[in-house]
Amino acid sequence: MINQNLNIEDLIKKVKDFPTLPTIYNALMDLISNPRTTVNDLSNLISQDQSSAAKVLKAVNSPIYGFYGRITSINQAISFLGFEEIKNLIIALTIIDIFSKSVSDTLFNPVEFWKHSIAVGIITRLIGHHTNAKNIESYFISGILHDLGKLFFFKVIPKEYSKVIQYSLENKKYLLDSEMKLLGITHTVIGELIAEKWNLPKSIKNSIRYHNIGIVNGEINHLVSSVHIANIASSMFGLGYRWEHLVPQPNYVVWKELNLSKDFFKMNIKKILNDYDESIKLLLKN
Amino acid sequence: MSQIKNIDELEIGMILAEPVHNSFGQILLQKGHELNSKSIKVLKTWNVRVVYVQDINTDINVQEELNPEILELAKEKIKSRMEWEPRNDNEIDLFNTAVEITARQLLKGI
Numbered sequence: 003m004i005n006q007n008l009n010i011e012d013l014i015k016k017v018k019d020f021p022t023l024p025t026i027y028n029a030l031m032d033l034i035s036n037p038r039t040t041v042n043d044l045s046n047l048i049s050q051d052q053s054s055a056a057k058v059l060k061a062v063n064s065p066i067y068g069f070y071g072r073i074t075s076i077n078q079a080i081s082f083l084g085f086e087e088i089k090n091l092i093i094a095l096t097i098i099d100i101f102s103k104s105v106s107d108t109l110f111n112p113v114e115f116w117k118h119s120i121a122v123g124i125i126t127r128l129i130g131h132h133t134n135a136k137n138i139e140s141y142f143i144s145g146i147l148h149d150l151g152k153l154f155f156f157k158v159i160p161k162e163y164s165k166v167i168q169y170s171l172e173n174k175k176y177l178l179d180s181e182m183k184l185l186g187i188t189h190t191v192i193g194e195l196i197a198e199k200w201n202l203p204k205s206i207k208n209s210i211r212y213h214n215i216g217i218v219n220g221e222i223n224h225l226v227s228s229v230h231i232a233n234i235a236s237s238m239f240g241l242g243y244r245w246e247h248l249v250p251q252p253n254y255v256v257w258k259e260l261n262l263s264k265d266f267f268k269m270n271i272k273k274i275l276n277d278y279d280e281s282i283k284l285l286l287k288n
Numbered sequence: 193m194s195q196i197k198n199i200d201e202l203e204i205g206m207i208l209a210e211p212v213h214n215s216f217g218q219i220l221l222q223k224g225h226e227l228n229s230k231s232i233k234v235l236k237t238w239n240v241r242v243v244y245v246q247d248i249n250t251d252i253n254v255q256e257e258l259n260p261e262i263l264e265l266a267k268e269k270i271k272s273r274m275e276w277e278p279r280n281d282n283e284i285d286l287f288n289t290a291v292e293i294t295a296r297q298l299l300k301g302i
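Residue numbers (the numbering used here), protein chains in the order written: chain A, 3 to 288; chain B, 193 to 302.
If we strip away everything but chain A, and leave its shape as in the complex, we get (with noise of 0.2 Å):
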């Protein structure tokens, strides 16, 4: 342990008292469960809040939705996009905006850690697409936050998880066993718990906790499979960083699953560094 006062007791107690997603996001949930939402409802709601609304279309009219400046009114984004991707849409602008913030003396770096997590979803997406996934309303999220338990532990105990950093690149050791080893817990075990917290859907909650092994419990899942290579491919693609020197190797079984084409990754490189030079200008900067 690095300091013998801090216990994972400690820990799972500060998820506790770590931030509680704003207001909009609750009022978004309680009006998207209601079957008798219209879409002037939740045009009205997202309009109120102005910064929400002008990323939202921002987003629509960007590369990652590929709407090319043709949507101009909320009500029309919804209609394009639908409830759902649209609630997802603001979930991730809202936590991103959270966490933009660095924090002094540590390693974090919030532009960097958004790249490699913006890179993770726009390739997640990717390969929705590709394999024709049934729910892809939620890829590019779960590939946004399948870190959050980095985040939490960069703002929760920052300087003993930059000494965990720094012993897995000295060490060449992958960050998960680092972890382990240094803390007793896992950035994907607490990002878990943080999702139960914030109430997060299912399957972000599986792809937080699940993308270093893509299956869940020793089950396949599409989703979190997508998330798994997206994460491997952005690694190596050198996209943001994610404190890690080593790559892992996919699991094998996750490629049977996606069963992707043996170019894929050549046939799409243009639009993935397109769609995350896009992406960052969106997402990153106001």
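Source of the hints: derived by calculation from the structure; they are not laboratory data.
Not the full set, but computed from the structure, chain B residues with beta-carbon under 8 Å of chain A: (1) ILE270; (2) ARG273; (3) MET274; (4) GLU275; (5) ASN280; (6) ASP281; (7) ASN282; (8) GLU283; (9) ASP285; (10) LEU286; (11) THR289; (12) ALA290; (13) ILE293; (14) GLN297.
Straight line, CA to CA, 25 Å or less: simulated DSS-like cross-link-like pairs of lysine-lysine: (15) A:LYS103 <-> A:LYS165; (16) A:LYS272 <-> B:LYS267; (17) A:LYS183 <-> A:LYS16; (18) B:LYS269 <-> A:LYS273; (19) A:LYS272 <-> B:LYS223; (20) B:LYS223 <-> B:LYS197; (21) A:LYS268 <-> B:LYS197; (22) B:LYS267 <-> A:LYS268; (23) A:LYS103 <-> A:LYS157; (24) B:LYS197 <-> A:LYS283; (25) B:LYS223 <-> A:LYS273; (26) A:LYS268 <-> B:LYS271; (27) A:LYS18 <-> A:LYS103; (28) B:LYS300 <-> A:LYS272; (29) A:LYS15 <-> A:LYS161; (30) B:LYS267 <-> A:LYS264; (31) B:LYS197 <-> A:LYS60; (32) A:LYS183 <-> A:LYS15; (33) A:LYS199 <-> A:LYS15; (34) A:LYS258 <-> B:LYS223; (35) A:LYS18 <-> A:LYS165; (36) A:LYS268 <-> B:LYS300; (37) B:LYS269 <-> A:LYS272; (38) A:LYS258 <-> A:LYS136; (39) A:LYS268 <-> B:LYS223; (40) A:LYS60 <-> A:LYS103.
Just so it is clear, the structure is predicted and the values come from calculations on it, not from any experiment.
C-beta: ideal position from N, C-alpha, C; glycine also.
Starting from the structure of chain A, add chain B where the hints point.
The following block gives chain B in isolation, referenced to the frame of chain A:
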């Protein structure tokens, strides 16, 4: 690279970058299909709104060849981060693409 086109923007000769499905999930047109007046009519009949087409100008194949020394350097750089060897076509694709990106970054001096 592919781009999304609205049904009204489609032109004969454009190549589909993605298969097109109808609302029942059946494939109407395969990836790689070259659009003709008949296939555009099929898309309209099925009320398909947008499709992915290939962007010819930025096709990766038209890029200039990379110098073998830079490629070798990029390969070593990626390999130093891997404790494993690619063992199927997907992993070879992943590795080669990573090498290509790294080589271009090295060229640009990043």
